[in-house]
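Put chain B with the ligands on the given structure of chain A with help from the hints.
Residue numbers (our numbering), protein chains in the order written: chain A, 1 to 259; chain B, 1 to 317.
In case anyone wonders, no lab produced these hints; they're calculated from the structure.
Any given hint could be a false lead.
To give a feel for the contact side, a few chain B residues facing chain A, derived at Cβ under 10 Å [what the hints assert, rightly or not]: (1) Lys79; (2) Val81; (3) Pro102; (4) Thr138; (5) Val201; (6) Val279.
Here are some, though not all, of the chain A residues that point toward chain B, as calculated from beta-carbon distances under 8 Å [said to hold, decoys possible]: (7) Ser95; (8) Gly126; (9) Gly162; (10) Pro226.
Taking lysine-lysine and the DSS-like style, the derived pairs with C-alpha atoms no more than 25 Å apart in a straight line are [claimed, not checked]: (11) Lys257/A to Lys278/B; (12) Lys252/B to Lys229/A; (13) Lys229/A to Lys285/B; (14) Lys184/B to Lys179/A; (15) Lys278/B to Lys250/A; (16) Lys210/B to Lys179/A; (17) Lys179/A to Lys252/B; (18) Lys190/A to Lys53/A; (19) Lys315/B to Lys250/A; (20) Lys278/B to Lys229/A; (21) Lys219/B to Lys257/A; (22) Lys257/A to Lys293/B; (23) Lys229/A to Lys250/A; (24) Lys222/A to Lys278/B; (25) Lys166/A to Lys12/B; (26) Lys278/B to Lys164/A; (27) Lys229/A to Lys293/B; (28) Lys229/A to Lys24/A; (29) Lys164/A to Lys184/B; (30) Lys315/B to Lys219/B; (31) Lys315/B to Lys257/A; (32) Lys278/B to Lys18/A; (33) Lys252/B to Lys18/A; (34) Lys179/A to Lys164/A; (35) Lys252/B to Lys250/A; (36) Lys12/B to Lys164/A; (37) Lys252/B to Lys32/A; (38) Lys166/A to Lys184/B; (39) Lys250/A to Lys285/B; (40) Lys252/B to Lys166/A.
Keep in mind the model is a prediction, meaning the values are calculated, not measured.
The beta-carbon is built from N, C-alpha and C at its ideal position, and this holds for glycine as well.
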Amino acid sequence: MNCIVCMTSVPDTASVIKVGGDGKGIDGSGIKWIVSPYDEYALEEALQITEAKGGEVTVVTYGPDRAEAALRDCLARGAHQAVHILGGEATLGDSFTIAKVLAAAIKDREYDIVLCGFKGVGTDCGQVGQMLAGLLDLPHVVNVLELEVGDGSLTAGRDVEGGKEKLESPLPSLVTCQKGLNEPRYAALKGIMAAKKKPVEKIEVASLGVDEGAGGFYKVEKLELPPAKAAGTIIQGEDDAAAAAAELVKLLREEAKAI
Amino acid sequence: MAGILVFVEQRKSEIRNASLQALSEAKRQGGAVSAVLPGSGIGEAAAGLGAWGADKIYVADDPNLDLYSSDGYAEVVVKAVEQAQPSAIFFAGTAMGRDLAPTVAARLGVGAIPDAVGLELDGETFSVRRPVYSGKATTTADTAGNTPQIISLRPNVFAAEESAGAGEVVALDGLSLSIRAVVKELLEAEGGELDVAEADVIVAGGRGIKGPENFALIKSLADALGGAVGASRAAVDAGWIEHSHQVGQTGKVVSPSLYVAAGISGAIQHLAGMSSSKVIVAINKDPDAPIFKIADYGIVGDLFDVIPPMVDAIKAL
Ligand SMILES: Cc1cc2nc3c(=O)[nH]c(=O)nc-3n(C[C@H](O)[C@H](O)[C@H](O)COP(=O)(O)OP(=O)(O)OC[C@H]3O[C@@H](n4cnc5c(N)ncnc54)[C@H](O)[C@@H]3O)c2cc1C
Ligand SMILES: Nc1ncnc2c1ncn2[C@@H]1O[C@H](COP(=O)(O)O)[C@@H](O)[C@H]1O
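If we strip away everything but chain A, and leave its shape as in the complex, we get:
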């Protein structure tokens, strides 16, 4: 059972985001780039599948040089192979271009399942997986919380608004992984040492026949920080909680018109 995991590296979730000089992207200085949190579930699931059924986990990332650290982290956690497609700074959020690049790099490999994160933390798109499935002509299931891989098909469970769905899909399939699917492992020291020796396959994006400079499918006009919020009305409620509660309800009714 060979698994391919698509991994994107993103700013650490505790990062403070600042707008970069061009007004379109972030200021990358001081930012630590990590494996996107949902991609950790994808990697963990792939590792568990291959531990149970044999086969290899190949992690693929498309991004600039700095993405290599996150790729090494995946190797340290136990991934067998790593593929780094170099480029990608210009296409942040351009889900379809990213999917085209990934599809070109994946299509001739051997795999039974492709695993992605439910969304990239930062782009917040939740699109690349579905688009990649389309380009590879695979069925897909997004947002999975439960996954069981059988012979020739998989069953998956997920939440939808107001309910839960159980799905079945033939292999090969693509799934996108949601928090709750598993508990991602951390890299142990032994894994970190071993990862240093594992090779990373480097591919230039141009060699995949995708022209990054061609304009893509998503043109960013600007990036802005949300306007600073005016200070709120804070009521002291330690001594007389009931009076504070009554005052709050009155303000919400009469001033904020929220209830």
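Chain B with the ligands in isolation, oriented as in the chain A frame:
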């Protein structure tokens, strides 16, 4: 401009409110509005869309479309696109819409922009405003000249309003549905519990509520306000409530009219999920809790003392 095609979502023939919001926004943009509605036994629901501004309603009524599948529904939308030739396709940004929009986009060979909170039309081109970095920033972007422009709209941001459309129903035939990933079962949540992603009012509890049993207190306030129950990751990770209630960077991103955070400190990853709420209320006993920095209203106090009289005061309104 050329028309906008709106994907309309129903469950058991009931049209989802988020789809009515998308239809209404399409109408407000000015051009011709058409709708596409897949399902089974949905004739009446389709006819009703004329009252929400749709001039044409493309209907695919087929038992195989009773439950959602990305393959089946994408095929229907692509068929409607061939007929309507729209310049843009709107989806409601529900779980279904967020899956379907990129699926359709890949089949049409174009990109897609998710989670729009603002739309501006310049000639034929939509400039789409949407939050990124979990709401820490906002970006404005377009589809770089590719059409149709596929855009999904964040629920509860755009108003639903009735308006007259021609309401002509067109049956889509000649579908050759090939559905690979199949929904085998749909289990409805008990009592039709309101999901935070769709709720207009959310009351969320965090580690400060001390234990799973106290979500009853959070729910009493949510019920009084007609809202849904949310939670911080700390409460979810402690096993007090299911992940489907989690708000934040690795939970749901919400923008209700009213968000009440009780016993939640306001970590950056939590704020990422709720900072775009219209009115934010914080209840926390620590006056220095970061949640107060983004709160419009707050009470410094013990939530166990504050919430019961709040519920009483709301019921007395
Ligand atoms: C990768 C990553 C992703 C994350 N994603 C999310 C996410 O999606 N959502 C999320 O919420 N967090 C997320 N977090 C976790 C986040 O960093 C915080 O740890 C979490 O939000 C804290 O939850 P809390 O506010 O309930 O708990 P705490 O920070 O412990 O705060 C509890 C608060 O309750 C108050 N309190 C205690 N008793 C009372 C009382 N009786 N009355 C009133 N107030 C009281 C305290 O003063 C305190 O402010 C993420 C973290 C990481 C690293
Ligand atoms: N540059 C990339 N390289 C590899 N995988 C990616 C990349 N961008 C997105 N993905 C995958 O697609 C998922 C969804 O990303 P997004 O559509 O940007 O939210 C991520 O969780 C990854 O699994």
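Going down the list of hints, with the structure as the test:
Using the Cβ-Cβ criterion of 10 Å, the hint placing Lys79/B at the interface with chain A is not satisfied: the shortest such distance is roughly 16 Å. Hint status for Val81/B relative to chain A: violated, with the closest Cβ pair at about 15 Å, above 10 Å. Annotation: Pro102/B was flagged as interfacial toward chain A, and the flag holds, the nearest CB pair being 4 Å apart, inside 10 Å. With a cut of 10 Å, the hint placing Thr138/B at the interface with chain A holds, because the nearest CB-to-CB distance is about 5 Å.
Of the supplied interface hints, the one on Val201/B holds, with its beta-carbon coming within about 8 Å of a beta-carbon of chain A, less than 10 Å. Using the Cβ-Cβ criterion of 10 Å, the hint placing Val279/B at the interface with chain A is satisfied: the shortest such distance is roughly 4 Å. Among the interface hints, the one on Ser95/A holds; its C-beta lies about 6 Å from the nearest C-beta in chain B, closer than the 8 Å criterion. Hint status for Gly126/A: holds, given a least beta-carbon distance of 6 Å to chain B, under 8 Å.
Evaluation of the Gly162/A hint against chain B yields a held restraint, the C-beta minimum of about 5 Å falling below 8 Å. At a threshold of 8 Å, the smallest CB-CB gap from Pro226/A to chain B is about 6 Å, leaving the interface hint in force. For a cut-off of 25 Å, the pair hint linking Lys257/A to Lys278/B stands: about 11 Å separates their Cα positions. For a cut-off of 25 Å, the pair hint linking Lys252/B to Lys229/A stands: about 22 Å separates their Cα positions.
Between Lys229/A and Lys285/B the alpha-carbon distance is near 22 Å, which keeps this suggested pair within the 25 Å criterion. For the suggested pair Lys184/B and Lys179/A, the alpha carbons sit about 22 Å apart, so the restraint of at most 25 Å is met. Among the hinted pairs, Lys278/B with Lys250/A is consistent with the structure: their alpha-carbon atoms are about 17 Å apart, no more than 25 Å. Between Lys210/B and Lys179/A, the direct Cα distance comes to roughly 23 Å. Compliance with the 25 Å bound is thereby established for this hinted pair.
This hinted pair checks out: Lys179/A and Lys252/B have alpha carbons roughly 11 Å apart, not beyond 25 Å. Of the supplied pair hints, the one linking Lys190/A and Lys53/A holds, its CA atoms being roughly 23 Å apart against a limit of 25 Å. With a CA separation close to 12 Å, the supplied pair Lys315/B and Lys250/A stays within the 25 Å bound. Taking the CA atoms of Lys278/B and Lys229/A, the gap is near 11 Å; set against the 25 Å cutoff, the hint holds.
With a C-alpha separation of about 22 Å, the suggested pair Lys219/B and Lys257/A falls inside the 25 Å cut-off, and the hint holds. Between the alpha carbons of Lys257/A and Lys293/B the distance comes to roughly 21 Å, so the proposed pair stays at or under 25 Å and holds. For a cut-off of 25 Å, the pair hint linking Lys229/A to Lys250/A stands: about 22 Å separates their Cα positions. Between Lys222/A and Lys278/B, the direct Cα distance comes to roughly 23 Å. Compliance with the 25 Å bound is thereby established for this hinted pair.
Pair hint Lys166/A plus Lys12/B holds up; C-alpha atoms about 18 Å apart against a cutoff of 25 Å. Simply put, Lys278/B and Lys164/A have alpha-carbon atoms about 29 Å apart, too far for the 25 Å limit, and the pair is violated. Among the hinted pairs, Lys229/A with Lys293/B is consistent with the structure: their alpha-carbon atoms are about 8 Å apart, no more than 25 Å. A distance of roughly 22 Å separates the Cα atoms of Lys229/A and Lys24/A; the hinted pair therefore holds under the 25 Å criterion.
The hinted pair formed by Lys164/A and Lys184/B meets the criterion: a straight-line CA distance of about 11 Å does not exceed 25 Å. Taken as a hint, the Lys315/B and Lys219/B pair is honoured in the structure, with Cα atoms around 14 Å apart against an allowance of 25 Å. Taking the CA atoms of Lys315/B and Lys257/A, the gap is about 16 Å. The hint holds against a cut of 25 Å. With a C-alpha separation of about 23 Å, the suggested pair Lys278/B and Lys18/A falls inside the 25 Å cut-off, and the hint holds.
As the CA atoms of Lys252/B and Lys18/A are separated by approximately 23 Å, the hinted pair is consistent with the 25 Å bound. Restraint check for Lys179/A and Lys164/A: satisfied, since their Cα atoms lie roughly 15 Å apart, inside the 25 Å limit. Annotation: proposed proximity of Lys252/B to Lys250/A is violated, straight-line Cα distance about 29 Å (limit 25 Å). The straight-line distance between the Cα atoms of Lys12/B and Lys164/A is roughly 15 Å, inside the 25 Å bound, and the hint therefore holds.
Distance hint between Lys252/B and Lys32/A is fulfilled; the C-alpha atoms sit about 24 Å from each other, no more than 25 Å. The suggested pairing of Lys166/A with Lys184/B holds, with an alpha-carbon distance near 6 Å, which does not exceed 25 Å. Taking the CA atoms of Lys250/A and Lys285/B, the gap is about 21 Å. The hint holds against a cut of 25 Å. Distance hint between Lys252/B and Lys166/A is fulfilled; the C-alpha atoms sit about 21 Å from each other, no more than 25 Å.
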